[in-house]
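Using the hints, position chains B, C and D with the ligands against chain A.
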Amino acid sequence: MTVMEQRDAYRPTPPPAWQPRTDPAPLLPDAEPFRVLGTDAAAKADARLLHQLYAEVVRGRRYNAQATALTKQGRLAVYPSSTGQEACEVAAALVLEERDWLFPSYRDTLAAVARGLDPVQALTLLRGDWHTGYDPREHRVAPLCTPLATQLPHAVGLAHAARLKGDDVVALAMVGDGGTSEGDFHEALNFAAVWQAPVVFLVQNNGFAISVPLAKQTAAPSLAHKAVGYGMPGRLVDGNDAAAVHEVLAEAVRHAREGGGPTLVEAITYRMEAHTNADDATRYRVDAEVDAWRDHDPILLLERELTERGLLDEEGIRAVRDDAEKMAADLRERMNQDPVLDPMDLFRDVYAEQTTQLREQAAQLRAELDAEADGADR
Amino acid sequence: MTVMEQRDAYRPTPPPAWQPRTDPAPLLPDAEPFRVLGTDAAAKADARLLHQLYAEVVRGRRYNAQATALTKQGRLAVYPSSTGQEACEVAAALVLEERDWLFPSYRDTLAAVARGLDPVQALTLLRGDWHTGYDPREHRVAPLCTPLATQLPHAVGLAHAARLKGDDVVALAMVGDGGTSEGDFHEALNFAAVWQAPVVFLVQNNGFAISVPLAKQTAAPSLAHKAVGYGMPGRLVDGNDAAAVHEVLAEAVRHAREGGGPTLVEAITYRMEAHTNADDATRYRVDAEVDAWRDHDPILLLERELTERGLLDEEGIRAVRDDAEKMAADLRERMNQDPVLDPMDLFRDVYAEQTTQLREQAAQLRAELDAEADGADR
Amino acid sequence: MTTVAAKPATMAQAFGRALRDAMAADPSVHVLGEDVGTLGGVFRVTDGLAKEFGDARCTDTPLAEAGILGTAVGMAMYGLRPVVEMQFDAFAYPGFEQLISHVAKMRNRTRGAMPMPLTVRVPYGGGIGGVEHHSDSSEAYYMATPGLHVVTPATVADAYGMMRAAIASDDPVVVLEPKRLYWSKDSWNPEHPTDVEPIGRAVVRRPGSSATLITYGPSVPVCMEAAEAARAEGWDLEVVDLRSLVPFDDETVSASVRRTGRAVVVHESGGFGGPGGEIAARVTERCFHHLEAPVLRVAGFDIPYPPPMLERHHLPGVDRILDAVARLQWEAGS
Amino acid sequence: MTTVAAKPATMAQAFGRALRDAMAADPSVHVLGEDVGTLGGVFRVTDGLAKEFGDARCTDTPLAEAGILGTAVGMAMYGLRPVVEMQFDAFAYPGFEQLISHVAKMRNRTRGAMPMPLTVRVPYGGGIGGVEHHSDSSEAYYMATPGLHVVTPATVADAYGMMRAAIASDDPVVVLEPKRLYWSKDSWNPEHPTDVEPIGRAVVRRPGSSATLITYGPSVPVCMEAAEAARAEGWDLEVVDLRSLVPFDDETVSASVRRTGRAVVVHESGGFGGPGGEIAARVTERCFHHLEAPVLRVAGFDIPYPPPMLERHHLPGVDRILDAVARLQWEAGS
Ligand SMILES: Cc1ncc(C[n+]2csc(CCOP(=O)(O)OP(=O)(O)O)c2C)c(N)n1
Ligand SMILES: Cc1ncc(C[n+]2csc(CCOP(=O)(O)OP(=O)(O)O)c2C)c(N)n1
Ligand SMILES: [Mg+2]
Ligand SMILES: [Mg+2]
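Chains as they are written, first to last, in UniProt numbering: chain A, 1 to 378; chain B, 1 to 378; chain C, 1 to 334; chain D, 1 to 334.
Isolated chain A (complex conformation) (with noise of 0.2 Å):
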């Protein structure tokens, strides 16, 4: 011990490692969520950015209602809907490059849908006849993922791997208010932050987690305010204000493919409809706070906002719901087609190659499938 001997060494002073990395003040979201509609802010707004969101707002909640009946006509297995949160969804689709690539969870086949998807290949998992339907690559949207926020690390991992390849690509990743209690959400913030990479992380706070409400899944001040714990700034944004999602995403997205790195934002929604077509939201939930909702409906604040300024009219209303009805109609068409099965596919894509335990389990089905034809032929 060689401690006393130092002693004249010793001068009061912080520890040596220590230097504040950042300012976190600029880190922190704003008090109130960011809003557009309905403020001054709406002036600078592009109009025909306004009325495109206006447009794939109007034929979302419509391809909402349109999944929702396919459920009652046994036509999907589940739907989630996002009905009330049409805002987020469009805003995140409108606001990537075609080079761009977004996360869907297992509740934006809508936010996939206005990217460009074809809205019975995103409603393949749903209907239940493979998992994901559609390449990914085609449109760059990840598969739908249902295990909760474990997507997040693969927009990470990609944001990433574009970026050390050079490529001008953004991640936008999407998250509900439950998924960012795993553990997945946490290490896919930190990764982003740390690598700096190219992401955006789009929580849509819609109050609830199946029956959970926001209180219990998390006492911090907003969702957003995670964001500072990572060193990444966090941004609060009006979940159905489609203009302000927009804005504020288009921001992210800018500051990521400026080399800026990653961004939190959460947006403040409400999910409308019950969780999916088999839950039964009246067991904790009031019809009141439902309703307290509806005055604030992401359509509802376009078209004021859009006829105030003269910028819609009864006609182009009609237009809109018109295309929206177009395309509900052929969804409903298409989708009351059976699906064409082969269950031979169970045994593809499970290996580059099938192995020899796969090819004999595949001849045993095969033989089965035959025996069951020959039986009906007779």
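One thing to keep in mind: the hints can contain errors.
Result set (DSSO-like, lysine-lysine): computed pairs, CA atoms no more than 27 Å apart in a straight line [to be verified]:
(1) B:Lys72 with D:Lys51
(2) B:Lys326 with B:Lys72
(3) C:Lys185 with C:Lys7
(4) D:Lys7 with D:Lys185
(5) A:Lys72 with A:Lys326
(6) C:Lys185 with A:Lys72
(7) A:Lys165 with D:Lys51
(8) D:Lys51 with D:Lys7
(9) D:Lys185 with D:Lys51
(10) C:Lys51 with C:Lys7
(11) C:Lys51 with C:Lys185
(12) B:Lys165 with C:Lys185
It is worth saying that the hints were derived from the structure and are not from the lab.
Just chains B, C and D with the ligands now, kept in the frame of chain A:
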């Protein structure tokens, strides 16, 4: 779609669910780590406490040296030394009441020993004759935990259980800077905050996770800033200043005890030795960095403070050192005795009652051992 | 178990009743998980518990499975008996580190000082038209983890009895709840529930002499059906319901196979590396000279669980079981 | 594989050389994990890679195994070939959800659109005096997960070849690296490394006629030793090194057992629910009428891995293997 009809009801308001839940400001750590020794705050520090901390820190240093020596003599399988971090180890142990619980990581045998655990029992895991070498209930010290951050939810669950039972128990859980990256860290802090569990999380930021420096671990302004994302206070403290660590922890323990919920404390310190005796620290850090911390040694800070205030003289120092030497000699002697091993212990305590399968396997080993003994006899 | 006052109840109700009775009998029993409180669980197994016992006894946790298991470990350390729900089989995976490294090992690590009287409820298996990640048969993972007990009921009465036994056990028990039997009904008297048997005994569900079907959980009713159908082929099949995978009842199983001389193990979990390998191997070790044919296995294929519209091709059905029985090297006939 | 210029190398060096050569050959190969960069890994397998290829190709990640696997999935989605290191067997558990639900299934879920050419390196097994959580044999978990390949070398040459094959594979491969063979040496020429064989073939390490020892990884040298020792007892044992657990080489294994008529499966993983059950069951299914005795298993006990000072009692050794061989119902003698 009834949106048009609703249009009159529209008022441009923030989303109904939005109320800023807590003011984040009080949750944020100060920009500079809290210090006591060598600052004006030292004058208010209790002399008895300072002396106790000093004696324990000196003992702790000696304990670390002795344990490291035991690895060289083959008496320990491995030892992760806390040399340089004794202030944190000791303060964590002293700040708790008897009825409270300590949740140490694998590096924190010293904290366990300072809390009253027999050092030989505390080293059982690292000697290798069993895993946890003590009854955790005796001193309310959870098993030394190797899988990083996994002990944190245990602390939360225990504290929560105690609170539900109406018992006045606080849990203090220790983790390293590297451990904060694990999902379990996130989930534990979130559960603690939502449940308002009486837990104190002490992160010893010693600059490295084995070879990985903090800058590759996080981009956060500080680890303490993570607290705000869970809605709990974050505190930053000079981890080599035993008085400061004690004060900050004492405050956090009091807060928890009074029902105020959890606190996250980041103590800035430095691992003076290699990760373990098996590690070669020269591969990833330079001596100059280590040397910079010698001026900020926890023993030095206390010794200076105490001597300057006339609370410690050469004789007092000698007394403390003698006591530490005695502890070390006793430890050395006892660790030089071979532990008594019974191979049949393998089958004990896998289940409350041995399964048929384990009984069969135990019989097999018994027969093998008997045959071996027979062979040896002959 | 039919008694005079017996009324039909579903397996989900029997599980729920067992939880209720255990909570009423012992204040240290706490239920926690996602949506177990206000909603009563997505399968309604915990329906009514929060109302009867309060939020503190039946708690909606944040959405994090490692956190649920990890905090339950801490609660057990303090003497509580937590019963945690993993919402679906595949959503138990985030908690595997806590399960393998702590839940299963804590008693052993601490030389018995810290037992883990913890029940992990895992709704498992397919056949309910669930989309991906909702139909995994994960029993192989649990079986390969020493320190855990693993049980799975096939009847309404067993659902009650096993859940009570699991909660009463001083060791961690994984209760695999066969999702597709949740709504199966049986005459069963919740006012006079069956006695709680200790964990670990298999039962012969149907005596027979030609061959033994060794099975458990969701495959038990399928095997019973197969045994019925086999009569037409001249086979009198015995059906053994294992009930407990860990510990394993070698005695009952071996006795049956020694009697019949032939056996097929049936489960919907994937075959390769699945429970059937262990079962076939240990039966063969014990009954080799009584066997007329190798113990065969009928299992799910070695593939990720298929989408709803294809799952019927994956799940072992009556025909596939009878095909296997036919391959048991019958000298005379069939 | 001895060539003229052969020099002794350790298995750890062979793994490292394979990583280096793969990175040099293909810029899409990226190594990531805890301490793999500056330190070169706690077993020094990745030593020198960060220096040669830079931080971006060999990356020290934050300390989070699910994060490592999860970001590697994303990197693979973008066309890279990530090689991730899990620092120790038991520390792979936090990543199991990513491994089971994504790594293993992604190709299948996307009908082949998104393959996962990902290598997961897992130092596994005991015998190195490691404290708890540092010596698990976790192969049963990986084997029970369709979509993964699982390989484990027993020789220095195989360490090189299998690692190259794993990285070259368009499917996810779990490479189980036997920790206690890391420092085993063999004459092996890193300048002319063995050809890279495709994954999936077992090899007869020692021909014999009395019985077959079926084994893999760390137990191969033990079985070779046992076979030597068995000569004194009059047994000529064949040793089959499986090398690949998934896919499984039924052909080589069955051919051997048909020839010898007797078999013992040897591994240090726990017996119950471990790989041996699957192996014994499938050998029996295929070779029943050639078997003179049931296929026996010599495995670790069904207990949490023991502390260093007791591990030798747990690990299958020569005596335990010979005891099992003796129980193979030899009519005449022994
Ligand atoms: C890892 C995991 N655990 C549990 C579930 C079951 N589950 C599906 S959705 C859901 C609630 C999700 O809530 P949130 O993240 O808020 O998304 P939202 O449904 O509101 O869009 C739960 C618990 C799951 N899919 N994955
Ligand atoms: C889940 C898990 N992953 C990896 C390891 C291996 N490991 C042991 S210590 C260590 C570094 C820990 O760093 P830190 O948390 O900063 O604690 P320190 O060693 O500095 O006290 C690692 C990676 C582990 N024990 N557990
Ligand atoms: Mg939600
Ligand atoms: Mg550290």
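Each hint tested on the structure:
Note on Lys72 of chain B and Lys51 of chain D: the hinted pairing is violated, with a Cα-Cα distance of about 31 Å set against a maximum of 27 Å. Restraint check for Lys326 of chain B and Lys72 of chain B: the C-alpha separation of about 20 Å stays at or below 27 Å, so the hint holds. At roughly 10 Å between alpha-carbon atoms, Lys185 of chain C and Lys7 of chain C fall within 27 Å of each other, so this suggested pair holds. At roughly 10 Å between alpha-carbon atoms, Lys7 of chain D and Lys185 of chain D fall within 27 Å of each other, so this suggested pair holds.
Of the supplied pair hints, the one linking Lys72 of chain A and Lys326 of chain A holds, its CA atoms being roughly 20 Å apart against a limit of 27 Å. In summary, the hint linking Lys185 of chain C to Lys72 of chain A is supported, as the alpha carbons are separated by about 26 Å, within the 27 Å threshold. Restraint check for Lys165 of chain A and Lys51 of chain D: the C-alpha separation of about 19 Å stays at or below 27 Å, so the hint holds. The straight-line distance between the Cα atoms of Lys51 of chain D and Lys7 of chain D is roughly 24 Å, inside the 27 Å bound, and the hint therefore holds.
Under the criterion of a C-alpha separation no larger than 27 Å, the hint pairing Lys185 of chain D with Lys51 of chain D is consistent with the structure, at around 25 Å. At most 27 Å may separate the alpha-carbon atoms for a hinted pair to count; Lys51 of chain C and Lys7 of chain C meet this at roughly 24 Å. Among the hinted pairs, Lys51 of chain C with Lys185 of chain C is consistent with the structure: their alpha-carbon atoms are about 25 Å apart, no more than 27 Å. With a C-alpha separation of about 38 Å, the suggested pair Lys165 of chain B and Lys185 of chain C falls outside the 27 Å cut-off, and the hint is violated.
Of the numbered hints listed earlier, those contradicted by the structure are 1 and 12.
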